[in-house]
Amino acid sequence: MSDPVPFRPFAAGTQPPLDASGYGSTRIRHPGRAPHRLPHTVTETTGPAFSPAHFPEMADLTRLGRGAPLGERIIVAGQVLDEDGRPVPHTMIEIWQANAAGRYDHPADTHDAPADPNFHGEGRVFTDAEGRYRFLTIKPGAYPWRNHTNAWRPVHIHLSLFGTGFAQRLVTQMYFPGDPLLELDPIYHAIEDAGARERLVSRFDLGITQPEFALGYRFDITLRGRGATPFEADAEEEAH
Amino acid sequence: MPAATASQTIGPYWHLVEHPEWADLTRFGAEGERITVTGRIIDGVGAPVTDACVEIWQASPPADARFPGFGRAGTDAEGRFRFTTLKPGPVPGRGNAQQAPHLAVTILARGLMTGLRTRIYFADDPLNEMDPLLSSLADPAERATLIARAEGPGSWRLDMVLQGEGETVFLEV
Chain X
1 MSDPVPFRPF AAGTQPPLDA SGYGSTRIRH PGRAPHRLPH TVTETTGPAF
51 SPAHFPEMAD LTRLGRGAPL GERIIVAGQV LDEDGRPVPH TMIEIWQANA
101 AGRYDHPADT HDAPADPNFH GEGRVFTDAE GRYRFLTIKP GAYPWRNHTN
151 AWRPVHIHLS LFGTGFAQRL VTQMYFPGDP LLELDPIYHA IEDAGARERL
201 VSRFDLGITQ PEFALGYRFD ITLRGRGATP FEADAEEEAH
Chain V
1 MPAATASQTI GPYWHLVEHP EWADLTRFGA EGERITVTGR IIDGVGAPVT
51 DACVEIWQAS PPADARFPGF GRAGTDAEGR FRFTTLKPGP VPGRGNAQQA
101 PHLAVTILAR GLMTGLRTRI YFADDPLNEM DPLLSSLADP AERATLIARA
151 EGPGSWRLDM VLQGEGETVF LEV
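Line by line, the protein sequences are chains X and V.
So for the first sequence, the working numbering puts the first residue at 1; every next one is plus one.
So for the second sequence, the working numbering puts the first residue at 1; every next one is plus one.
Extracted from the complex, chain V is given alone in its bound form:
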């Protein structure tokens, strides 16, 4: 069997498959603790990435007919994305480890030959201390690139930097 098919950039015209309602993971009637998650995508010269496709996947709460677990949002003229979803709970890690609540993120855009993978954790969650990924990052500044801050009740924000100072920790998955 051949190796996995090669990735190619999503390009600047992916909005042909954009459906803005996909950014609301509660649209099928999911019940639970509703949150908004926003942030800006910034490039290597500090400019907003205005044509990115940001996707999230969460293993918790479990996906079902009323909760897809998956969302997609395009960035706006300020490079901002915005999701409405349910607050994730902890999920099992490898072995006996427990993972702190998090969202898995893929950033796709013109100029990205493959999707960039990262995660969004939530500040002040006591489980963050024991999370295998967060605790594998020795530098607190690197760890901070994965942790959203509360901007208000149920409102979370995390900016992501593709390159240079404050560069987000991206993951090889």
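Okay, chain X solo, but in the shape it has when bound:
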């Protein structure tokens, strides 16, 4: 049997380090040793196949309470592609976020901002055959955290993706254009590469915007591509 095709290593600087000095919680949680490199096997190249039958869609986060949540309705849409531009179809995206006042419906959130009984903040969608997804929600609020004096998280929505293999798993945060808190945020700035940072900022999109109803934001997501980079292929050739 031939070896499964591995996922490519991440491009330098495009992923944040575990030891991100500006983000205090990393201090006693980041491993001290460099990770042990593991060539991909079937364990890493395969992954769970979630189906809406077992994991129902929740594409309208504004309809999961008894009434309409407070806040500005928004539509978030985009496409999930791999690094070779191939759509990632029928993949599950999990979504969670704070309410419009910047408070999570979570017991650990003690921020003194109003709870909203009509907004839980959980969503789940699947991409279509072209890798496209769309959900309706309210724009979350910024909120303070205790990382440093007068620290505030920029407005963000959490997204979790599984892709087609265990090594493709991605948990990230989508930000909003023009947010002045982005420049001050150590979690965003833990990513060294400016282009990689900026790709976490959604774009206002008039095409997604629904007249008389909700503004639209576009957020495209790229998952790791498969196959060795040319450099890696050369190295493997030499090793044989």
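The hints are simulated quantities; they were obtained by calculation from the structure and are not laboratory data.
Only a predicted model underlies this, so the values are computations on that prediction, with no experimental measurement involved.
Backbone N, C-alpha and C define an ideal beta-carbon position, used for all residues, glycine too.
There could be a bad hint or two in this list.
Each pair of labels, with its calculated beta carbon distance range [claimed, not checked]:
{"#": "1", "chain 1": "X", "residue 1": "L70", "chain 2": "V", "residue 2": "G32", "range": "47 to 55 Å"}
{"#": "2", "chain 1": "V", "residue 1": "G32", "chain 2": "X", "residue 2": "G22", "range": "44 to 52 Å"}
{"#": "3", "chain 1": "V", "residue 1": "E31", "chain 2": "X", "residue 2": "F55", "range": "16 to 24 Å"}
{"#": "4", "chain 1": "V", "residue 1": "H19", "chain 2": "X", "residue 2": "P117", "range": "18 to 26 Å"}
{"#": "5", "chain 1": "X", "residue 1": "G65", "chain 2": "V", "residue 2": "G164", "range": "39 to 47 Å"}
{"#": "6", "chain 1": "V", "residue 1": "H19", "chain 2": "X", "residue 2": "Q210", "range": "27 to 35 Å"}
{"#": "7", "chain 1": "X", "residue 1": "E130", "chain 2": "V", "residue 2": "R66", "range": "28 to 36 Å"}
{"#": "8", "chain 1": "V", "residue 1": "A123", "chain 2": "X", "residue 2": "R33", "range": "18 to 26 Å"}
{"#": "9", "chain 1": "V", "residue 1": "G164", "chain 2": "X", "residue 2": "G178", "range": "39 to 47 Å"}
{"#": "10", "chain 1": "V", "residue 1": "E78", "chain 2": "X", "residue 2": "P35", "range": "21 to 29 Å"}
Some residues of chain V that are not near chain X, with every Cβ distance over 12 Å (derived) [claimed, not checked]:
{"#": "11", "residue": "T84"}
{"#": "12", "residue": "E129"}
{"#": "13", "residue": "D159"}
Put chain V on the given structure of chain X with help from the hints.
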């Protein structure tokens, strides 16, 4: 095409997408040798990590409509996670190698900018000796950080240390 989207921490509020039943991979009626796998996640000062999201994936037995192969468990006030699943069998490695039965693990938490990857093997499995990953670790103490011990019939335990003494071997996948 741009490089892969950057990871950001799962943060302290990920429980909004937690469904405790996901920790039981047999809940859709899977048949086979049922096991429990538990452990504690410990930080660099020896304190329990009480807000971690622990995920497992296993290529064996193969996932199907009754066995998702994937589970997720949140850690409790003692930093403990607990899964119910089917005992994995051996799976092919690269080339002609065989891999000993194992679970692939991702740990996500506040303070982790990316998920930490590791594996859980099972003590006393004769295939462990020949497993490519285990045998690539020269130090038996490092190898031991990947091997769960039996606590009773069908009950396995492996604690994981994020940093410092006894630090778990984490993997670059």
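Quick rundown of the hints versus the structure:
1. Hint check: L70/X to G32/V, Cβ distance near 48 Å, so the stated range 47 to 55 Å holds.
2. The hint said 44 to 52 Å for the Cβ distance between G32/V and G22/X, and at roughly 47 Å that hint holds.
3. Restraint check, E31/V to F55/X: a C-beta distance of roughly 21 Å satisfies the suggested window 16 to 24 Å.
4. For H19/V paired with P117/X, a C-beta distance near 21 Å keeps the hint of 18 to 26 Å intact.
5. Here the CB-CB span from G65/X to G164/V is close to 44 Å, well matched to the stated 39 to 47 Å.
6. The supplied range of 27 to 35 Å is met by H19/V and Q210/X, whose beta-carbon atoms lie about 30 Å from each other.
7. Between E130/X and R66/V the beta carbon distance is about 30 Å. The supplied range of 28 to 36 Å therefore holds.
8. For A123/V and R33/X, the Cβ-Cβ distance of about 23 Å falls inside the hinted range of 18 to 26 Å, so the restraint holds.
9. Against the hinted window of 39 to 47 Å, the Cβ-Cβ separation of G164/V and G178/X comes to about 42 Å, which satisfies the hint.
10. Between E78/V and P35/X the CB atoms are about 26 Å apart, so this pair conforms to the stated range of 21 to 29 Å.
11. With a cut of 12 Å on Cβ distances, T84/V stays outside the contact zone with chain X, its closest approach being about 16 Å.
12. Against the 12 Å criterion, E129/V stays outside the reach of chain X, whose nearest CB is about 18 Å from its own CB.
13. For D159/V, the non-interface assignment is confirmed: its Cβ lies about 15 Å from the closest Cβ of chain X, beyond the 12 Å cut-off.
Of the numbered hints given earlier, the model fails none.
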